[in-house]
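Peer 1: The primary structure of each chain is shown beneath.
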Amino acid sequence: MESAGDWCLIESDPGVFTQLIKTFGVKGVQVEEMWSMDEGEGVFDNLRPVHGLIFLFKYLQHEEPPHPVVTDNRLETIYFAKQVINNACATQAVVSLLLNCSHPDVDLGPELTKLKEFSMSFDPRMRGLTLSNSQTIRTAHNSMSNQTLFEFDQKAPTKEEDAYHFIGYIPINGRLYELDGLREGPIDHGPISPGQDWLNVVHPIIMKRINVYTEGEIHFNLMALISDRKMLYERQIQELMRETQILGMETDDTEKEIRRLRMLIEYEDAKMLRYQQEMARRRHNYLPFIITLLKILAEEKKLLPLYEKAKERALKKGQKKVRV
Amino acid sequence: PPEGEGAVSGSAAPRVDLGAALSAPEVVSTASEPPNAQRLAPHLPPTSATAAAQDDVRTTLLSPQFAQAANQFSSALTSGQMAPVISQFGLPTDVTSAANTGDMQAFFKALESASGSESSRSLEGDKKKDKPQDDK
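Quick mapping for you: the protein sequence lines, in order, are chains A and B. All residue numbers for the first sequence refer to my numbering, where the first residue is 1 and numbers rise by one. All residue numbers for the second sequence refer to my numbering, where the first residue is 1 and numbers rise by one.
I should point out that these hints are in silico values taken from the structure, not numbers from a laboratory. Any given hint might turn out to be false.
With a straight-line Cα cutoff of 25 Å, these simulated BS3-like cross-link-like pairs (lysine-lysine) come out [unchecked claim]: (1) K256/A - K22/A; (2) K22/A - K82/A; (3) K302/A - K109/B; (4) K82/A - K109/B; (5) K316/A - K109/B; (6) K230/A - K256/A; (7) K301/A - K109/B; (8) K302/A - K316/A; (9) K317/A - K302/A; (10) K256/A - K271/A; (11) K22/A - K317/A; (12) K27/A - K230/A; (13) K311/A - K301/A; (14) K109/B - K116/A; (15) K302/A - K256/A.
Listing some non-contacts, in silico: residues in chain B with all C-beta distances to chain A over 12 Å [what the hints assert, rightly or not]: (16) T30; (17) P42; (18) S97.
FRET-style restraints, in silico, Cβ to Cβ [claimed, not checked]: (19) R235/A - D55/B: 50 to 60 Å; (20) W35/A - A24/B: 23 to 33 Å; (21) P46/B - T23/A: 54 to 64 Å; (22) Q38/B - E257/A: 40 to 50 Å; (23) E308/A - L62/B: 18 to 28 Å; (24) M126/A - D55/B: 20 to 30 Å; (25) P46/B - G25/A: 16 to 26 Å; (26) R125/A - A41/B: 24 to 34 Å.
The C-beta atom is built at its ideal place from N, Cα and C for all residues, glycine as well.
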């Protein structure tokens with residue numbers, strides 16, 4: 001049980017989440033950040049199919065759930081886990097969405113499939129313990145965190161960072177649920193009519209929540225769990241090529257469309273490369289770099305002037321704060 | 001708490017975060033000069049980029065991940081707990097003991113005077129700097 005505590009904070013970043021999911025061995029999904037929800041449901045147009053949404057916000061106090069918490073036998077089919085470890089909530093939110101996802105694009109891979117089979121019969125608390133004790137999940141989670149240069153006693157306690165909370169929204173068997181590991185169970189947001197897109201149901205709920213947070217100047221962040229873009233584009237190209245073969249000729253339109261899809265694939269490849277580079281930057285030990293840089297600046301006698309400038313700036317900042 | 005903390009730095013000294021200071025334009029241009037970029041190159045994050053060392057140095061200095069590490073470095077330094085780590089880089093004793101006081105200004109001053117008189121020794125130190133921490 002002791003080791004269950006070794007979870008580090010990870011950044012809420014689509015690159016981190018996408019790589020986290022891949023490290024679990026899950027295929028066919030990626031995470032994209034939603035920058036704005038203002039334009040109505042249209043914001044989801046380029047993201048469909050969306051399998052779930054991850055909402056991050058600064059956790060202030062316990063609010064009463066807006067809807068009843070599910071305690072009946074639906075818990076046997078909904079994978080809901082109580083959150084037992086603080087820093088793990090980002091990962092737990094993502095895993096909870098994945099384990100409730102039944103879309104053919106999503107391939108859970110052997111590790112998560114095993115985990116789900118193993119703990120499906122457990123109650124929410126035991127499921128939470130299973131997730132936090134999973135070596136696979138913990139290792140993947142911790143591999144996403146920033147490298148700490150060195151261990152030392154930080155005098156100032158870490159600030160807001162600890163108070164962020166992640167929850168998930170997902171459609172399960174025709175109803176919209178909110179999965180919040182701090183609750184006793186999933187929150188039921190009501191039915192999704194047959195033929196209705198679940199995103200139309202979740203959009204006003206999220207908008208309402210965002211508006212509350214915006215007024216209170218509370219930080220929040222919304223991310224979508226979507227099908228792997230590259231996989232979708234490649235599938236579309238294959239489809240177009242098959243059509244062309246059947247027709248025996250290639251029209252200008254299909255040619256144009258294939259070219260467009262190839263460009264989108266290039267864009268996705270570039271994005272994944274950028275994610276990998278950011279990860280390398282995150283995990284790097286900068287100490288030798290910093291020492292060498294300080295030496296270079298010292299040799300050129302630029303270090304003390306730099307310090308003076310930085311001190312002045314810090315003093316000004318301090319004064320401003322006092323005045324306000 | 002480190003000895004003499006109040007005596008050396010004074011309680012009025014503001015908290016200086018190196019993250020912003022080390023991404024200032026003058027630092028970026030100094031670090032990107034070819035000979036300096038060459039010295040920094042082995043310590044860059046392995047981003048598998050094919051970019052030249054100068055560009056890579058600039059990108060690294062301007063990255064949020066580096067800013068975070070630099071801020072961590074400055075708070076560790078100010079806490080006076082950096083000396084054992086710094087001593088692994090083969091720096092002169094004066095510099096290490098200045099680091100021990102938790103006074104950033106004293107540490108920088110010691111670093112400047114050490115590099116003025118003993119530039120050969122500081123170069124020697126460069127070679128050792130990859131040893132302290134292995135990739136985990």
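Peer 1: Each of the hints needs a verdict: does it hold here or not?
Peer 2: Results of checking the hints against the structure:
no. : hint                       : in the structure
1   : K256/A - K22/A             : 32 Å, violated
2   : K22/A - K82/A              : 23 Å, holds
3   : K302/A - K109/B            : 11 Å, holds
4   : K82/A - K109/B             : 53 Å, violated
5   : K316/A - K109/B            : 23 Å, holds
6   : K230/A - K256/A            : 18 Å, holds
7   : K301/A - K109/B            : 9 Å, holds
8   : K302/A - K316/A            : 22 Å, holds
9   : K317/A - K302/A            : 23 Å, holds
10  : K256/A - K271/A            : 23 Å, holds
11  : K22/A - K317/A             : 42 Å, violated
12  : K27/A - K230/A             : 12 Å, holds
13  : K311/A - K301/A            : 17 Å, holds
14  : K109/B - K116/A            : 58 Å, violated
15  : K302/A - K256/A            : 56 Å, violated
16  : T30                        : 6 Å, violated
17  : P42                        : 8 Å, violated
18  : S97                        : 16 Å, holds
19  : R235/A - D55/B: 50 to 60 Å : 37 Å, violated
20  : W35/A - A24/B: 23 to 33 Å  : 29 Å, holds
21  : P46/B - T23/A: 54 to 64 Å  : 18 Å, violated
22  : Q38/B - E257/A: 40 to 50 Å : 48 Å, holds
23  : E308/A - L62/B: 18 to 28 Å : 22 Å, holds
24  : M126/A - D55/B: 20 to 30 Å : 52 Å, violated
25  : P46/B - G25/A: 16 to 26 Å  : 24 Å, holds
26  : R125/A - A41/B: 24 to 34 Å : 51 Å, violated
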